[in-house]
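Residues per chain, in single letters:
There are 2 protein chains.
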Amino acid sequence: MQKLKKLEERIGYRFKDFSLLETAMTHSSYAHERNIQSYERLEFLGDAVLNFTVAVEIFRSHPDKDEHFLTDLKSAYVNRNYLHRLGKKLGLGEILRHSGPKNIRLDQAVEALIGAIYIDGGYLYAKNFIKKFILSKEIKPLKDYKGLIKTVSMKIFNKDVVYKVEKEFGPPHKKMFQITAKIPGEKISATAIGKTKREAEMKTSKILLRKLRYPTPNPQT
Amino acid sequence: MQKLKKLEERIGYRFKDFSLLETAMTHSSYAHERNIQSYERLEFLGDAVLNFTVAVEIFRSHPDKDEHFLTDLKSAYVNRNYLHRLGKKLGLGEILRHSGPKNIRLDQAVEALIGAIYIDGGYLYAKNFIKKFILSKEIKPLKDYKGLIKTVSMKIFNKDVVYKVEKEFGPPHKKMFQITAKIPGEKISATAIGKTKREAEMKTSKILLRKLRYPTPNPQT
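Those protein sequence lines, which keep their order, are chains A and B.
Mapping to UniProt numbering: the first sequence position 148 is 148, numbers consecutive.
Mapping to UniProt numbering: the second sequence position 37 is 37, numbers consecutive.
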């Protein structure tokens, strides 16, 4: 209770219906044993509110960028690791009621918190939270990895990375691509799967960067 | 021009900025050659508006359902095939300006149209469009497939389907699962990949249903 009050101060929002905040801070492992509500429904809602808000805000703030850039930038802002770190910063790790697993993913709790604010106060308050705690930080879109590994590979090996589609899965309208990235003649490669070739390439690029011990920028560390 | 006017009538919304509607009905293949704007940015925005609206509406209309049900139901409403059929019904196939590919996916144009309405008239008009043309139809959540194939398999073979995780890909926080579904002792199986085991199981169930020539319910025909 005391902890939840402090959380309200930290986020600058006071709940009319305090039980919404309690539910948002209740993991299913805790709720299940006690037969009370957990945060999952609020997380479902908060995820939608978050994606919408980020999409609208970056659409407006980047009138000259194409949809690829916008998609990548949105991915970076709704990224699990990024949200998990925000959850940590807000102290949700100490507030969340759970039993069982020690390493709870706090990104879900952040989304549940957004969902709770949306229900309790309406869209504007949820938007304010997202602007203040999520969009306020300038981050780079995910796709930078492909450009970055190219630069790094040219610098170290004087060779560019080669991407190859290894497999395609799934029905025509919902294909998945498995891609392998190699640096020709070097013993370094990476394989990843993505909903688009670009997504899979991005993932392999990130793995290569790690293998070369090159620090990957926020929020994908 | 005449066609676009008729589209306005059909959807019951008149654009203040008519060029937004024109852009929403311009495929990249057409735009590219002429160096004009295509619908992709609007599609990015419309996709976010659509997902948000569907999530909020079904969250409210199904207070007793858990997040799995909500996720599956949302997937069914934002499903590409479902939106493609709506695009067809609205006559977008004849309106969309494109050159090159014959089988244009109209789901993207529907999303672009939603994005255009959102920009032109604000959220309420976009929401009205979504309620009128997308949420008005009662559809079943995707997960029914698993229950359906079970019923069908019991009826035909007197055996239940067995699902097996064949592979796991990706980093711990973004795992992908490859699952194979079999009916023991029968020469029928299906393999699919999903972000969750449930999603992969659902996909294999759908494939099995097709193989058994069992009609899969809307909107996943």
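Incorrect hints may appear among the rest.
Each pair may be met inside one copy or between any two copies, as identical chains are not told apart.
Simulated pairs of lysine-lysine, DSSO-like, Cα-Cα distance not exceeding 30 Å [to be verified]:
(1) Lys3 - Lys89
(2) Lys6 - Lys175
(3) Lys89 - Lys140
(4) Lys3 - Lys175
(5) Lys88 - Lys175
(6) Lys132 - Lys150
(7) Lys88 - Lys197
(8) Lys150 - Lys131
(9) Lys195 - Lys167
(10) Lys5 - Lys211
(11) Lys164 - Lys197
(12) Lys175 - Lys89
(13) Lys182 - Lys16
(14) Lys16 - Lys211
(15) Lys65 - Lys16
(16) Lys3 - Lys150
(17) Lys159 - Lys187
(18) Lys150 - Lys6
(19) Lys175 - Lys137
(20) Lys6 - Lys137
(21) Lys211 - Lys197
(22) Lys132 - Lys187
(23) Lys167 - Lys6
(24) Lys131 - Lys89
(25) Lys167 - Lys137
It should be emphasised that the hints constitute simulated quantities derived from the structure, not laboratory data.
Everything numeric in this text was worked out from a predicted model, so none of it was measured.
Here is what the structure says about each hint:
1. Lys3 - Lys89: within (14 Å within a copy, 53 Å between copies)
2. Lys6 - Lys175: neither (46 Å within a copy, 35 Å between copies)
3. Lys89 - Lys140: within (20 Å within a copy, 40 Å between copies)
4. Lys3 - Lys175: Neither, since 46 Å and 33 Å both go past 30 Å.
5. Lys88 - Lys175: Between copies, since 22 Å is at most 30 Å while 35 Å is not.
6. Lys132 - Lys150: neither (34 Å within a copy, 48 Å between copies)
7. Lys88 - Lys197: Classified as between; 28 Å across copies, 33 Å inside a copy.
8. Lys150 - Lys131: So Lys150 and Lys131 fail the 30 Å test inside a copy (33 Å) and across (46 Å) alike.
9. Lys195 - Lys167: both (12 Å within a copy, 17 Å between copies)
10. Lys5 - Lys211: Neither: 44 Å inside a copy, 56 Å across copies.
11. Lys164 - Lys197: both (9 Å within a copy, 27 Å between copies)
12. Lys175 - Lys89: Result: close only across copies, 25 Å inter versus 37 Å intra.
13. Lys182 - Lys16: Result: close neither inside a copy nor across copies, 55 Å intra and 51 Å inter.
14. Lys16 - Lys211: neither (50 Å within a copy, 53 Å between copies)
15. Lys65 - Lys16: between (40 Å within a copy, 24 Å between copies)
16. Lys3 - Lys150: Cα proximity of Lys3 and Lys150: none, with 47 Å in one copy and 47 Å across.
17. Lys159 - Lys187: Within one copy, since 13 Å is at most 30 Å while 49 Å is not.
18. Lys150 - Lys6: neither (46 Å within a copy, 50 Å between copies)
19. Lys175 - Lys137: between (33 Å within a copy, 27 Å between copies)
20. Lys6 - Lys137: Within one copy only: 23 Å inside a chain, 44 Å across chains, cut-off 30 Å.
21. Lys211 - Lys197: both (21 Å within a copy, 29 Å between copies)
22. Lys132 - Lys187: For Lys132 and Lys187, the Cα distance exceeds 30 Å both inside one copy (45 Å) and across copies (57 Å).
23. Lys167 - Lys6: Neither: 51 Å inside a chain and 44 Å across chains, both beyond 30 Å.
24. Lys131 - Lys89: Result: close within a single copy only, 16 Å intra versus 38 Å inter.
25. Lys167 - Lys137: This pair counts as neither: shortest intra-copy Cα distance 37 Å, inter-copy 37 Å.
When the structure is compared with the earlier hints, violations turn up for hints 2, 4, 6, 8, 10, 13, 14, 16, 18, 22, 23 and 25 and for no others.
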